[in-house]
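*Asks:* So the chains spell out like this:
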Amino acid sequence: GAVVSQHPSWVICKSGTSVKIECRSLDFQATTMFWYRQFPKQSLMLMATSNEGSKATYEQGVEKDKFLINHASLTLSTLTVTSAHPEDSSFYICSARGEGQSYEQYFGPGTRLTVT
Amino acid sequence: KQEVTQIPAALSVPEGENLVLNCSFTDSAIYNLQWFRQDPGKGLTSLLLIQSSQREQTSGRLNASLDKSSGRSTLYIAASQPGDSATYLCAAYHTGGFKTIFGAGTRLFVKA
Chain A
1 GAVVSQHPSW VICKSGTSVK IECRSLDFQA TTMFWYRQFP KQSLMLMATS
51 NEGSKATYEQ GVEKDKFLIN HASLTLSTLT VTSAHPEDSS FYICSARGEG
101 QSYEQYFGPG TRLTVT
Chain B
117 KQEVTQIPAA LSVPEGENLV LNCSFTDSAI YNLQWFRQDP GKGLTSLLLI
167 QSSQREQTSG RLNASLDKSS GRSTLYIAAS QPGDSATYLC AAYHTGGFKT
217 IFGAGTRLFV KA
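Order-wise, the sequence lines are chains A and B.
Under this note's numbering, the residue at position 97 of the first sequence is numbered 97, and the numbers go up by one with no gaps.
Under this note's numbering, the residue at position 45 of the second sequence is numbered 161, and the numbers go up by one with no gaps.
No lab work stands behind these hints, which were simulated from the structure alone.
Fair warning: there could be bad hints in the mix.
Far from chain B, some chain A residues (derived; all Cβ distances over 10 Å) [what the hints assert, rightly or not]: (1) K14; (2) Q29; (3) L44; (4) Y58; (5) T75; (6) T82; (7) H85; (8) E99; (9) P109.
Under 7 Å between C-beta atoms, here's a sample of chain A residues computed to sit facing chain B [claimed, not checked]: (10) I93; (11) Y103; (12) E104; (13) F107.
As the structure is a computational prediction, the values presented were derived from the model and not from experiment.
Heads up, the beta-carbon is just placed ideally off N, CA and C, and yes, glycines get one too.
Use the sequences and the hints to build the structure in full.
*Replies:* As structure tokens, this is what we get:
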């Protein structure tokens, strides 16, 4: 099946710094990628949808200047958490969807961010 | 606005039991519905994907059904094992806005 990777798998950063998370589709071209956030014992909340070569569409309540998303190629999307604060500590998961009728999404393994 | 609800929120069963997890969605305009498994601190593992035109999908001991008209899907797990312990999430891919909406999950614990 299709594989999506994320890097890093976990990161600890200091408050006020920025962190970049990469999401790659390894064996297919992802026309659309999605970024989700998951707080402990809660479900996944969609943060934004990005299409290759265009600006991301953010969900209501998600600060676009804080969570910068770049989908520069058909296999790579990045999420940069700028000026991180402890409340940004969460599990971030990306997913990718390629061409096709099934609209199946393939999920990455997730990145655990801890802001101290 | 699409909402996805999962019942029960948590479930504890002895090994060997057959069990059913429920998922309901408010808007039947979906492309597909997907069931995932998530182990603590880990990412998602896709279990089954049911297209909107399908009624069910099977994989091993797992069977998922979809009834769009009633806005419901069930995940049936046969002969449960301790290794099945995890959180099970259902997600509806909604045609409105092309978004996937997740339920809150059912935390399953299978006792040996």
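*Asks:* Hint by hint, note whether the structure agrees.
*Replies:* Against the structure, the hints:
no., hint, result
1, K14, "holds, 22 Å"
2, Q29, "holds, 17 Å"
3, L44, "violated, 5 Å"
4, Y58, "holds, 12 Å"
5, T75, "holds, 18 Å"
6, T82, "holds, 24 Å"
7, H85, "holds, 22 Å"
8, E99, "holds, 14 Å"
9, P109, "violated, 4 Å"
10, I93, "holds, 6 Å"
11, Y103, "holds, 5 Å"
12, E104, "holds, 5 Å"
13, F107, "holds, 4 Å"
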